[in-house]
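For the protein sequence lines, the chains are A and B, in the order given. Residue numbering for the first sequence follows my numbering, beginning at 1 and increasing consecutively. Residue numbering for the second sequence follows my numbering, beginning at 117 and increasing consecutively.
Note that these hints are calculated values from the structure, not bench results. Incorrect hints may have been included.
Claimed, not checked - Chain A stretches covered by chain B per the calculated footprint, using a threshold of three residues with CB under 8 Å from any CB of chain B:
hint	stretch
1	86 to 95
2	103 to 109
As the list claims (entries may be wrong) - Per the computed footprint, the stretches of chain B lying under chain A, defined by three or more beta-carbons under 8 Å from a beta-carbon of chain A, are:
hint	stretch
3	131 to 137
4	145 to 158
5	161 to 172
6	201 to 207
Stated by the list, open to error - DSS-like cross-link-like pairs, simulated, lysine-lysine; straight-line CA separation at most 25 Å:
hint	chain 1	residue 1	chain 2	residue 2
7	A	K64	B	K118
8	A	K20	A	K66
9	B	K195	A	K64
10	A	K55	B	K195
11	A	K20	B	K195
12	A	K55	B	K158
13	B	K195	A	K41
Treat the numbers as computed from the prediction; the structure is a model and nothing was measured. By construction, the Cβ of each residue, glycine as well, lies at the ideal position given by its N, Cα and C atoms.
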Amino acid sequence: GAVVSQHPSWVICKSGTSVKIECRSLDFQATTMFWYRQFPKQSLMLMATSNEGSKATYEQGVEKDKFLINHASLTLSTLTVTSAHPEDSSFYICSATRGGMNTEAFFGQGTRLTVV
Amino acid sequence: RKEVEQDPGPFNVPEGATVAFNCTYSNSASQSFFWYRQDCRKEPKLLMSVYSSGNEDGRFTAQLNRASQYISLLIRDSKLSDSATYLCVLPTGNQFYFGTGTSLTVIP
Numbered sequence: 001g002a003v004v005s006q007h008p009s010w011v012i013c014k015s016g017t018s019v020k021i022e023c024r025s026l027d028f029q030a031t032t033m034f035w036y037r038q039f040p041k042q043s044l045m046l047m048a049t050s051n052e053g054s055k056a057t058y059e060q061g062v063e064k065d066k067f068l069i070n071h072a073s074l075t076l077s078t079l080t081v082t083s084a085h086p087e088d089s090s091f092y093i094c095s096a097t098r099g100g101m102n103t104e105a106f107f108g109q110g111t112r113l114t115v116v
Numbered sequence: 117r118k119e120v121e122q123d124p125g126p127f128n129v130p131e132g133a134t135v136a137f138n139c140t141y142s143n144s145a146s147q148s149f150f151w152y153r154q155d156c157r158k159e160p161k162l163l164m165s166v167y168s169s170g171n172e173d174g175r176f177t178a179q180l181n182r183a184s185q186y187i188s189l190l191i192r193d194s195k196l197s198d199s200a201t202y203l204c205v206l207p208t209g210n211q212f213y214f215g216t217g218t219s220l221t222v223i224p
């Protein structure tokens, strides 16, 4: 299968600082990338859909000014958590698809963010 | 109504047992589905794709019931290594909708 690399795999930051998470498709061009958040014992919650070269589409309840998404190329999307607070502590996962209908989603390894 | 609904479990079964999970969906036009497996603190990984009425791969069988709008995953001869959370996923256009996941623990 295709490879999606996410970095960093874990990060601890102080409250009020910003954290950037990178998601790269290593061996294919990802027209669309998705960002998810997962709290303990809960399923993946879609935060936003990111299309290369255009603004991300955010799900209801997700603050676009707090979770900045950039998808500047077909192989890289970034999520920046701005002014992080302890309640932002979570597992963030990106996924990417090759495009087209009903194709498999390939997931990054996830980033465990802890805000102290 | 959620796009995809799934019984969260947990399911605790003895080794060797057969266990089945169901997932209901609301969009009657949906044509395909995925079952993903997620181990604790890891990313989901594709287990099976369902494009028609069903799919079988070894001990795993996935079925699609369009009339009742549900998909199922059957695991035969459960192994300890099958312990994980199983997510049903509905791709719709350019989005993927996830079920809440069903937790399975296989007990020795």
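Comparing the hints with the structure gives:
1. 86 to 95: Coverage by chain B holds here, the residue count being 3 at a Cβ distance below 8 Å.
2. 103 to 109: holds (count 6)
3. 131 to 137: violated (count 0)
4. 145 to 158: That given contact holds, which follows from 5 residues of the stretch 145 to 158 of chain B lying within Cβ reach (below 8 Å) of chain A.
5. 161 to 172: holds (count 4)
6. 201 to 207: holds (count 3)
7. A:K64 / B:K118: Given that 25 Å is the threshold and the Cα spacing comes to 23 Å, the pair holds.
8. A:K20 / A:K66: Holds: K20 (chain A) and K66 (chain A) sit about 12 Å apart, inside 25 Å.
9. B:K195 / A:K64: violated (43 Å)
10. A:K55 / B:K195: violated (45 Å)
11. A:K20 / B:K195: Between K20 (chain A) and K195 (chain B) the Cα gap is close to 39 Å, so the pair fails against 25 Å, i.e. violated.
12. A:K55 / B:K158: At roughly 28 Å apart (the allowed maximum being 25 Å), K158 (chain B) and K55 (chain A) break the hint.
13. B:K195 / A:K41: Status holds; Cα separation ~22 Å.
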